[in-house]
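Trainee: Those protein sequences? They're chains C and L, same order as listed.
For the first sequence, the numbering used here gives the first residue as 7, with consecutive numbering after it.
For the second sequence, the numbering used here gives the first residue as 383, with consecutive numbering after it.
Possibly wrong hints are sitting among the right ones.
Said to hold, decoys possible - Just some of the chain C residues that point at chain L, by a computed CB distance under 8 Å:
1) 38
2) 295
3) 296
4) 297
5) 345
What the hints assert, rightly or not - Here are a few chain L residues that sit away from chain C, every Cβ distance over 10 Å (derived from the structure):
6) 387
7) 388
8) 394
9) 395
10) 399
11) 406
12) 408
13) 461
14) 479
15) 492
16) 501
17) 504
18) 509
It is worth saying that the hints were derived from the structure and are not from the lab.
Just so it is clear, the structure is predicted and the values come from calculations on it, not from any experiment.
Think of the CB as a built atom: it goes at the ideal place given N, C-alpha and C, for glycine as much as any other residue.
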Amino acid sequence: MARRTPLFALHQAAGARIVDFGGWEMPLQYGSLLAEHHAVRRLAGVFDVSHMCIVDLQGAAARPFLLQLLANDVSRLTERGKALYSCLLNERGGIIDDLIVYYLGAQWFRAVLNAGTREKDLAWIRRHAEPFGVTVRERSDLAMLAVQGPEARARVAALLADAAAERALTLGAFYGTEIERWFISRTGYTGEDGFEIMLPAQDAEPLWQALIKAGVVPCGLGARDTLRLEAGMNLYGSDMDENTHPFESALAWTVALTPGRAFIGRASLETLRAGDNLRQLTGLVLAERGVLRAHQRVFVADGGEGEITSGTFSPTLERSIALARIPAAARDRLQVEVRGKLLAARVVKPPFVRHGKSVLDRADPPARL
Amino acid sequence: MSKVPPDLQYTRTHEWLRTLPDGTVEVGITDHAQHALGDLVFIEVPEQGRRVTPGQPFAVIESVKAASDVYAPVAGEVLQGNPALADAPEIVNTDPYGGGWLARLRPEGAPASLLSAAEYQKLTTEEGD
Numbered sequence: 007m008a009r010r011t012p013l014f015a016l017h018q019a020a021g022a023r024i025v026d027f028g029g030w031e032m033p034l035q036y037g038s039l040l041a042e043h044h045a046v047r048r049l050a051g052v053f054d055v056s057h058m059c060i061v062d063l064q065g066a067a068a069r070p071f072l073l074q075l076l077a078n079d080v081s082r083l084t085e086r087g088k089a090l091y092s093c094l095l096n097e098r099g100g101i102i103d104d105l106i107v108y109y110l111g112a113q114w115f116r117a118v119l120n121a122g123t124r125e126k127d128l129a130w131i132r133r134h135a136e137p138f139g140v141t142v143r144e145r146s147d148l149a150m151l152a153v154q155g156p157e158a159r160a161r162v163a164a165l166l167a168d169a170a171a172e173r174a175l176t177l178g179a180f181y182g183t184e185i186e187r188w189f190i191s192r193t194g195y196t197g198e199d200g201f202e203i204m205l206p207a208q209d210a211e212p213l214w215q216a217l218i219k220a221g222v223v224p225c226g227l228g229a230r231d232t233l234r235l236e237a238g239m240n241l242y243g244s245d246m247d248e249n250t251h252p253f254e255s256a257l258a259w260t261v262a263l264t265p266g267r268a269f270i271g272r273a274s275l276e277t278l279r280a281g282d283n284l285r286q287l288t289g290l291v292l293a294e295r296g297v298l299r300a301h302q303r304v305f306v307a308d309g310g311e312g313e314i315t316s317g318t319f320s321p322t323l324e325r326s327i328a329l330a331r332i333p334a335a336a337r338d339r340l341q342v343e344v345r346g347k348l349l350a351a352r353v354v355k356p357p358f359v360r361h362g363k364s365v366l367d368r369a370d371p372p373a374r375l
Numbered sequence: 383m384s385k386v387p388p389d390l391q392y393t394r395t396h397e398w399l400r401t402l403p404d405g406t407v408e409v410g411i412t413d414h415a416q417h418a419l420g421d422l423v424f425i426e427v428p429e430q431g432r433r434v435t436p437g438q439p440f441a442v443i444e445s446v447k448a449a450s451d452v453y454a455p456v457a458g459e460v461l462q463g464n465p466a467l468a469d470a471p472e473i474v475n476t477d478p479y480g481g482g483w484l485a486r487l488r489p490e491g492a493p494a495s496l497l498s499a500a501e502y503q504k505l506t507t508e509e510g511d
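Isolated chain C (complex conformation) (with noise of 0.2 Å):
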């Protein structure tokens, strides 16, 4: 049996066109995904993201069983409401999947994990929390709201009491701070600024039909997906997984190798260092008509092969945009094969978008050619 968000219905009676996820039932657009992506992209859009698994981490020693948990390095984490990237490795330096952590309190951190991997992940947090006595507690009483775009803080902000407003509002990138029995932090999976928003079940409702009221669009997890990709932001499960390890996954700069620190994984990914590093996740631009998908397979000009992870159209950019797992000295030019056809492509350093705009160089060959 699927599970349902406490929004489900409104999505329903909104017209939505549901699609399962990671065994969930899920928007996947309201209308026009592109009329979705160029509202986040142009003014303000909102998602339900109430399916993502919130788990409060509560104990003494919750701070050293993080340091020892995931790859980033908490102890970065040292004023109340910050937020931090990790990803959460196995052994053998895998990805288990890529977190959220905030800090809230001198015994207390949140994280915030993908749906798909509830399951294994929590299976995983509680084995190594146990020791340290660290209570792992997941908080399926929250929703998760994602409002996003250039307009959206402001948006929020107005919905809220002065005082309320004034303190989000101030919050800079990648913090969050409680208010009344909101979670409200600066973070989110779109390139544009944003709140991501969690809050009691029965409040989701009310603030969803606050924002459609102002203006807001509600956006589906289509949009969300073109938006994270023109964003150069991995997917887990497409662009990662346990075969896959950070390095290699575009994610170095999430691996915090404190002299010291003993975390899961570390010990694989300092023998993957010294030997070479031999495949990199980066961008590519399609030069030619046509849309790259995942699992198409790139040929680099010395006989090398790879594989696009994630590929789509970008509404932004109108041509074709992926993330690819590719030889680690490829660059430049090199080709996929979109449908028995050899198309040229171009490697690029994602982001391919950030707050609205293009990071793309001017001397990119016109959008549709």
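Since the structure of chain C is already known, use the hints to place chain L on it.
Mentor: Leaving out everything else, chain L in the frame of chain C:
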């Protein structure tokens, strides 16, 4: 409810066919199909002179999310692919039975067995239009 013009013929795979006065045919995808695919972003129409076989792919339509084959409703020779779709694939979304035609064909051989508008309407209703 999607539109099903009464004067056209249809396939079970959601293509339509219009017979023109000179005996050539115009082919496209139905309103039901364009709606199911969502915003179209890339269309590959067949080249002039290509011979197509009924039930075989002869064009590709890509939405943001996925690529789909379009199947030839009849046997024949391609007279022209719609040149407007290279720059404006969204015409198939906005005008699937008019400006969104995919190709013009000169049919060959025995007439294919196609669905009437009423039959196609019934099919899409069963599929949950």
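Trainee: Each of the hints needs a verdict: does it hold here or not?
Mentor: Now for the hints, and whether the structure bears them out:
| no. | hint | result |
| --- | --- | --- |
| 1 | 38 | 5 Å, holds |
| 2 | 295 | 6 Å, holds |
| 3 | 296 | 6 Å, holds |
| 4 | 297 | 5 Å, holds |
| 5 | 345 | 7 Å, holds |
| 6 | 387 | 23 Å, holds |
| 7 | 388 | 27 Å, holds |
| 8 | 394 | 22 Å, holds |
| 9 | 395 | 18 Å, holds |
| 10 | 399 | 24 Å, holds |
| 11 | 406 | 27 Å, holds |
| 12 | 408 | 23 Å, holds |
| 13 | 461 | 22 Å, holds |
| 14 | 479 | 20 Å, holds |
| 15 | 492 | 30 Å, holds |
| 16 | 501 | 26 Å, holds |
| 17 | 504 | 23 Å, holds |
| 18 | 509 | 14 Å, holds |
When held up to the earlier numbered hints, the structure conflicts with none and fits them all.
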